[in-house]
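*Asks:* Using the sequences and the accompanying hints, generate a full structural model.
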Amino acid sequence: DTGVSQNPRHKITKRGQNVTFRCDPISEHNRLYWYRQTLGQGPEFLTYFQNEAQLEKSRLLSDRFSAERPKGSFSTLEIQRTEQGDSAMYLCASSLANGGAFFGQGTRLTVV
Amino acid sequence: EDQVTQSPEALRLQEGESSSLNCSYTVSGLRGLFWYRQDPGKGPEFLFTLYSAGEEKEKERLKATLTKKESFLHITAPKPEDSATYLCAVQAGSNTGKLIFGQGTTLQVKP
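Sequences listed follow chains B and A, in order. Going by our numbering, the residue at position 76 of the first sequence is 76; the numbering climbs one at a time, nothing skipped. Going by our numbering, the residue at position 105 of the second sequence is 217; the numbering climbs one at a time, nothing skipped.
Don't read these hints as lab results, they were simulated from the structure. Note that the structure is a prediction, hence the values are computed from the model and not measured. All C-beta atoms, glycine included, are put in the ideal place defined by N, C-alpha and C. Accuracy of the hints is not assured; some may be wrong.
To be verified - Straight line, CA to CA, 30 Å or less: simulated DSBU-like cross-link-like pairs of lysine-lysine: (1) Lys57/B to Lys180/A; (2) Lys154/A to Lys14/B; (3) Lys154/A to Lys57/B.
As the list claims (entries may be wrong) - Partial list, derived from the structure: chain B residues whose beta carbon lies under 8 Å from chain A: (4) Gln80; (5) Glu83; (6) Leu91; (7) Ala101; (8) Thr110.
*Replies:* Given below as structure tokens:
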């Protein structure tokens with residue numbers, strides 16, 4: 001068990017560019033979550049997958065954001081036409097049903 | 113609306129000086145309350161899950177307790193390596209496992 005893995009760890013992009021992040025959950029976990037965290041705040045829920053189905057999306061997730069989890073394994077989070085307000089730490093977590101969520105180390109996005 | 117509030121926002125202790133962190137919550141149908149530790153630039157590290165009022169969990173110098181309205185994280189004889197941000201989160205309502213976090217308490221333990 002290598003834990004939840006996220007790539008890249010850091011990403012600097014110019015405003016208006018598209019970015020994609022990857023998350024590899026703990027292998028036996030069927031639930032996968034994306035959260036966003038800004039400095040001094042707790043993580044905010046973005047979206048949730050059970051296996052390959054995306055079952056819930058926060059109203060924070062504008063239509064510039066899209067997430068996928070093909071085949072119920074790894075997941076990607078894409079942000080199109082990035083804005084400076086998208087700068088944050090993007091966290092992925094996975095869990096078993098009714099279990100505690102285990103987080104990855106996050107991807108720090110800086111939009112310049 | 114489900115809400116989690118942590119206090120204090122920041123806490124400075126001397127090594128060995130015990131204290132408690134508070135997490136107050138208002139949720140519709142609590143499924144679980146979670147404590148995490150987060151070091152700067154890293155993801156949250158899972159500490160405890162509490163499911164019902166009266167439940168307690170311990171790990172080394174940390175002890176978490178739960179009532180119907182709040183949870184406490186007691187830190188006994190802290191060491192400098194306990195310095196971190198401690199996050200409280202609740203899982204409520206629908207069975208999605210979604211967590212609602214407080215803003216965290218940043219703990220600094222001085223030697």
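*Asks:* Could you tell me which of the hints above the structure violates, numbers in ascending order?
*Replies:* Hints 4, 5, 8 not satisfied by this model.
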